[in-house]
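Model the placement of chain X on the given structure of chain R, informed by the hints.
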Amino acid sequence: MDPHLLRKLNAARRDRQAAIMLTDLADGRNRLMMKGDPIAGELGEAVEKAFRTGKAGVVEAEGQRFFLNVHVPSPRMVIIGAVHISQALAPMAAMAGFDVRVIDPRTAFATPERFENVDLVADWPEDALKDRPIDPFTALVAVTHDPKIDDWPLISALKAGAFYVGALGSRKTHARRVERLSDAGLGEAEIGRIDAPIGLDIGAQSPEEIAVAILGQVIAALRKPSPHTLAQAEKV
Amino acid sequence: MTSQIISQAAEDQLDPLMVAERWMLDGRDVAVATVIETWGSAPRPVGSHLVIDAEGNFSGSVSGGCVEGAVISEAAEVIACGEPKMLEFGVADETAWRVGLSCGGKIQVYVERVG
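Residue numbers (my numbering), protein chains in the order written: chain R, 1 to 236; chain X, 237 to 351.
Don't take each hint at face value.
[What the hints assert, rightly or not] Residues from chain X that keep clear of chain R, each with C-beta distances beyond 12 Å, as calculated:
no.: 1; residue: Ala290
no.: 2; residue: Glu291
no.: 3; residue: Pro320
[Said to hold, decoys possible] To be clear about the criterion: a stretch of chain R counts as covered by chain X if any three or more of its residues have a C-beta under 8 Å from a C-beta of chain X, and this derived list gives those stretches:
no.: 4; segment: 2-10
no.: 5; segment: 54-65
[As the list claims (entries may be wrong)] Across the chosen pairs, the derived CB separations fall in these ranges:
no.: 6; chain 1: R; residue 1: Ser182; chain 2: X; residue 2: Arg258; range: 47 to 57 Å
no.: 7; chain 1: X; residue 1: Arg258; chain 2: R; residue 2: Arg176; range: 27 to 37 Å
no.: 8; chain 1: R; residue 1: Lys49; chain 2: X; residue 2: Ala316; range: 51 to 61 Å
no.: 9; chain 1: X; residue 1: Glu319; chain 2: R; residue 2: Met34; range: 22 to 32 Å
no.: 10; chain 1: R; residue 1: Ile202; chain 2: X; residue 2: Ala312; range: 25 to 35 Å
no.: 11; chain 1: X; residue 1: Gly351; chain 2: R; residue 2: Glu42; range: 51 to 61 Å
no.: 12; chain 1: R; residue 1: Gln64; chain 2: X; residue 2: Ser309; range: 56 to 66 Å
no.: 13; chain 1: R; residue 1: Arg176; chain 2: X; residue 2: Gly301; range: 38 to 48 Å
no.: 14; chain 1: X; residue 1: Leu261; chain 2: R; residue 2: Glu60; range: 34 to 44 Å
no.: 15; chain 1: X; residue 1: Gly300; chain 2: R; residue 2: Ser182; range: 19 to 29 Å
no.: 16; chain 1: R; residue 1: Leu25; chain 2: X; residue 2: Gly351; range: 13 to 23 Å
no.: 17; chain 1: R; residue 1: Lys49; chain 2: X; residue 2: Glu319; range: 25 to 35 Å
Worth flagging that the hints you see were computed from the coordinates, not collected in a lab.
Here the structure is a predicted model, which means the values were calculated and not measured.
Even glycine gets a Cβ: it sits at the ideal position worked out from N, Cα and C.
With the rest of the complex left out, here is chain R:
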């Protein structure tokens, strides 16, 4: 393994960038590829697929055998609002492998007693996300109902190309949100990426059931990316 490429790969992983280390199994030579690097032909297709599925494996291309090792950052979930739904969603999402942070500036909601063993920040999202900005491997779940708290992280997630952006609220609430985000300069396609009303349509009623509906939708966005979300991710 090329020591220079090993260092580059580790640097990319620390920066939460998706990367593939390619090894030519005939001569042992390596190549490091970042998402979006142009690679032609059969190998290019295999690389694109590997980035999409996140799966490592041996591929045959141009008559040669290559091993592609895919390094994709672990998914994060940022939950805006320390509400009842979040109390159920945070531990469920952690169980499913997400690195979860709950943010709410309202200190009556954001109490350690309500969120045991959860990374909870009782501050405005603008400040609470300074040390870990939203990136393409982050799901943003906004559930406060309060535009003063929800709007900034929603805009930030759309601009960063977060793989999932969902917001709680009725169709009426969402229509007003669309207006505000348009006024803030976001385009129709960008705003259209917000899943609202949030969650899969499974008839969820209790906060716990709504948490399941949200988590299901987030997992679908992560594992079965639509052409739409992929196009967004490529732009970033």
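Chain X only, in chain R's frame:
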């Protein structure tokens, strides 16, 4: 904030490729072993790493303990001569029985020197 820095460092310690880089910067000779293919029930997924230095120190795993010993001894040779090696372990393989991969799986491990 402090706890995050600590957990990041702890994560780096457990991550074989981060370990490989640190050993390399310490001037140690290092080999990286990678699970390339698996058949049947294999304990570690494709892409898993085990890193080994010339003294036989190692970090990570390619099989959850079944074949590590054999991989480590092969790594010493890879470090010495610089040529990468493809190793295969499975139930049909004498060595695999001896080293204990009796769980019914088969794995292919690629061992290469860093540098």
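Status of each hint after checking the structure:
1. Even its closest Cβ contact with chain R, about 15 Å, leaves Ala290 of chain X beyond 12 Å, as expected for a residue assigned away from the interface.
2. Listed as outside the interface, Glu291 of chain X is consistent with that label: its C-beta sits roughly 19 Å from the nearest C-beta of chain R, beyond the 12 Å cut-off.
3. The Cβ of Pro320 of chain X sits about 4 Å from the closest Cβ of chain R, inside the 12 Å cut-off, so the non-interface label is violated.
4. With 6 residues bearing a CB less than 8 Å from a CB of chain X, the segment 2-10 of chain R meets the requirement of three and the coverage assertion stands.
5. Requiring three or more residues with a Cβ within less than 8 Å of a Cβ of chain X, the coverage given for the segment 54-65 of chain R holds, as 4 such residues are present.
6. For the pair Ser182 of chain R and Arg258 of chain X, the supplied restraint of 47 to 57 Å holds, since their beta-carbon distance comes to about 50 Å.
7. Arg258 of chain X and Arg176 of chain R have their C-beta atoms about 53 Å apart, which leaves the hinted 27 to 37 Å range violated.
8. Look at Lys49 of chain R against Ala316 of chain X: about 37 Å separates their beta carbons, and that is not inside 51 to 61 Å.
9. A C-beta distance of roughly 29 Å is found between Glu319 of chain X and Met34 of chain R, which places it inside the suggested range of 22 to 32 Å.
10. Between Ile202 of chain R and Ala312 of chain X the Cβ separation comes to about 56 Å, which falls outside the hinted range of 25 to 35 Å.
11. A hinted range of 51 to 61 Å for the beta carbons of Gly351 of chain X and Glu42 of chain R is inconsistent with their spacing of about 30 Å.
12. The hinted window of 56 to 66 Å between Gln64 of chain R and Ser309 of chain X is violated, with their beta carbons roughly 29 Å apart.
13. The given range of 38 to 48 Å is broken by Arg176 of chain R and Gly301 of chain X, whose C-beta atoms sit roughly 58 Å from each other.
14. At about 35 Å, the CB distance of Leu261 of chain X to Glu60 of chain R agrees with the hint of 34 to 44 Å.
15. Our hint of 19 to 29 Å for Gly300 of chain X and Ser182 of chain R is violated, since their Cβ atoms are close to 53 Å apart.
16. Checked against the hint of 13 to 23 Å, the C-beta distance between Leu25 of chain R and Gly351 of chain X comes to roughly 19 Å, which is consistent with it.
17. Taking the beta carbon of each, Lys49 of chain R and Glu319 of chain X are about 30 Å apart, inside 25 to 35 Å as hinted.
Of the hints listed earlier, those the structure fails to meet are numbers 3, 7, 8, 10, 11, 12, 13, 15, in rising order.
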